[in-house]
Amino acid sequence: MVRAGTSPCRLPLPACPSILLALFPGPRLDQVVNQVALYVLLALGAAGVLVALPRKGLNPQPIGMILAAAAGGLLVLLMSLKAGEHRPNLFFYIFAAVGLGSALRVVTHHKPVYAALYFIMTIFASAGLFVILSAEFLAFALVIVYAGAILITYLFVIMLATQSPAEEESEVLAEYDTRAREPLAGVFVGFVLLAVLTSMMFRGVDDLPGPGPAGADQSLLAQYPGKVMAPAETRPEIEAMPGKKFAAALDEQKVRNIEAVAYRLLADHPGAIEIAGVILLMAMLGAVVLARKQVQLDEEAKARHAASLASEVTRSEGAR
Amino acid sequence: MTAALLAQANYPAPMHGLTLAHYLFVAAAMFAIGLIGFTTRRNLIIMFLCTELMFQAAGIALIAFGRYHLNHTGETFVIFVLTVAAAEAAMALALVVLLFRRRETLDAEEWQQLKG
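Protein chains in written order, with our numbering: chain B, 1 to 320; chain V, 1 to 116.
You may find that some hints are simply not true.
On the chain V side, residues computed to face chain B include the following (Cβ under 8 Å) [to be verified]:
# : residue
1 : Met47
2 : Ala58
3 : Glu75
4 : Gln112
5 : Gln113
Quick list of the computed label-pair ranges, beta carbon to beta carbon [stated by the list, open to error]:
#  : chain 1 : residue 1 : chain 2 : residue 2 : range
6  : B       : Glu175    : V       : Leu95     : 16 to 24 Å
7  : V       : Arg102    : B       : Leu285    : 15 to 23 Å
8  : B       : Val189    : V       : Leu95     : 45 to 53 Å
9  : V       : Gln113    : B       : Leu78     : 43 to 51 Å
10 : V       : Arg102    : B       : Glu175    : 15 to 23 Å
11 : B       : Leu184    : V       : Arg102    : 57 to 65 Å
12 : B       : Leu280    : V       : Arg102    : 23 to 31 Å
No wet-lab data here; the hints were simulated from the structure. From a predicted model like this one, the values you see are computed outputs, not experimental measurements. Glycine included, each C-beta is placed from N, C-alpha and C at the ideal position.
Based on the provided sequences and hints, a complete structural model is requested.
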């Protein structure tokens, strides 16, 4: 309970639990986007996603995709109109459209292999967003680690873990891929979460300490964005610099993005790196142990297997 | 005009809150899509792909905030997110293969007796 008088919220009410703030966002949200338009468009997007999710029978996926894309695009456009000169540059729109569109396709595609490939598109789009945000090192790390390693593992597993279609039959989709589980409830929960997230975030945007607050490294601006190379004449010195001297160089913006990230990582989170190493080791050991385990088919699965074999035999006999 | 749009003409500059809001919206929307996929799809592999989508969304938000606050802490955190995602993928896929060998299906609803 929030006591009157000590209430941290800004509404002119004696006491308002902060949940009310989420329900009645007020004019502060309007600075980012028209709130009526926000909720209407989110509802439209929810309807689109609901239509696009796989289900049995009539399933007009393209219509749902177009609906969802139109809602999302319109919402971002409205935000940009409000933002005026502060709108992000053109590449943001391209990468955001590609990223969100293929994310939607990951969720709605019937075939797991295509879902994984669309996920790679999402990875590339977010790597593009990272580059716009001047995080070059992570953009490349993302493409290498995700698109190069993790997704290939996924593809291997998808190929290991799918039943091959019986001969002479064309490929049939598994039943569990063509029917979503409780799509209405899932979409409702997801978009309510999105509505709450967006209204809370947008409300808070002008509450943030200004860009580059006191204590932040204003000089870092000079290396933003895309200044991948520092001036050539400063390189040799920096590479030989230990510890404190490097921190000074960081302040004088003579370092590249990757060097700055490495410095932050090693100076601020040395313990976390060790823990990350242990996590990776344990994951590797765990995966090896799990994969080596001998498993028998369940009784149930055995029975199903036998039944399908029997039906095949009778069918072939009937054909003969 | 086009040149100003294409080149990052007004950069380097502090990022305005309204610009940040765009990136946050993309992150939130991607997270919501991942959540919807996780709750509605029944294929175990696609469910894990959707968790990776949610990791992505968190990464975009972290990096956008890092750019806004002009420090590199957001980027260092994304490195840890990548680590955890890799570990999670390895474990989850090993489990999926194990489950598949037992029942020869990827349907999550086949494993309902797992709920406590």
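Status of the hints after comparison with the structure:
1. Met47: Constraint on Met47 of chain V not satisfied, violated at 10 Å.
2. Ala58: violated, 11 Å
3. Glu75: holds, 5 Å
4. Gln112: violated, 11 Å
5. Gln113: violated, 11 Å
6. B:Glu175 <-> V:Leu95: 16 to 24 Å: At roughly 22 Å between Cβ atoms, Leu95 of chain V and Glu175 of chain B fall inside 16 to 24 Å, so the hint holds.
7. V:Arg102 <-> B:Leu285: 15 to 23 Å: holds, 21 Å
8. B:Val189 <-> V:Leu95: 45 to 53 Å: The hint (45 to 53 Å, Cβ to Cβ) is violated, given that Val189 of chain B and Leu95 of chain V are roughly 25 Å apart.
9. V:Gln113 <-> B:Leu78: 43 to 51 Å: holds, 48 Å
10. V:Arg102 <-> B:Glu175: 15 to 23 Å: holds, 18 Å
11. B:Leu184 <-> V:Arg102: 57 to 65 Å: Once the Cβ atoms are compared, 31 Å apart, the range 57 to 65 Å for Arg102 of chain V and Leu184 of chain B is violated.
12. B:Leu280 <-> V:Arg102: 23 to 31 Å: holds, 27 Å
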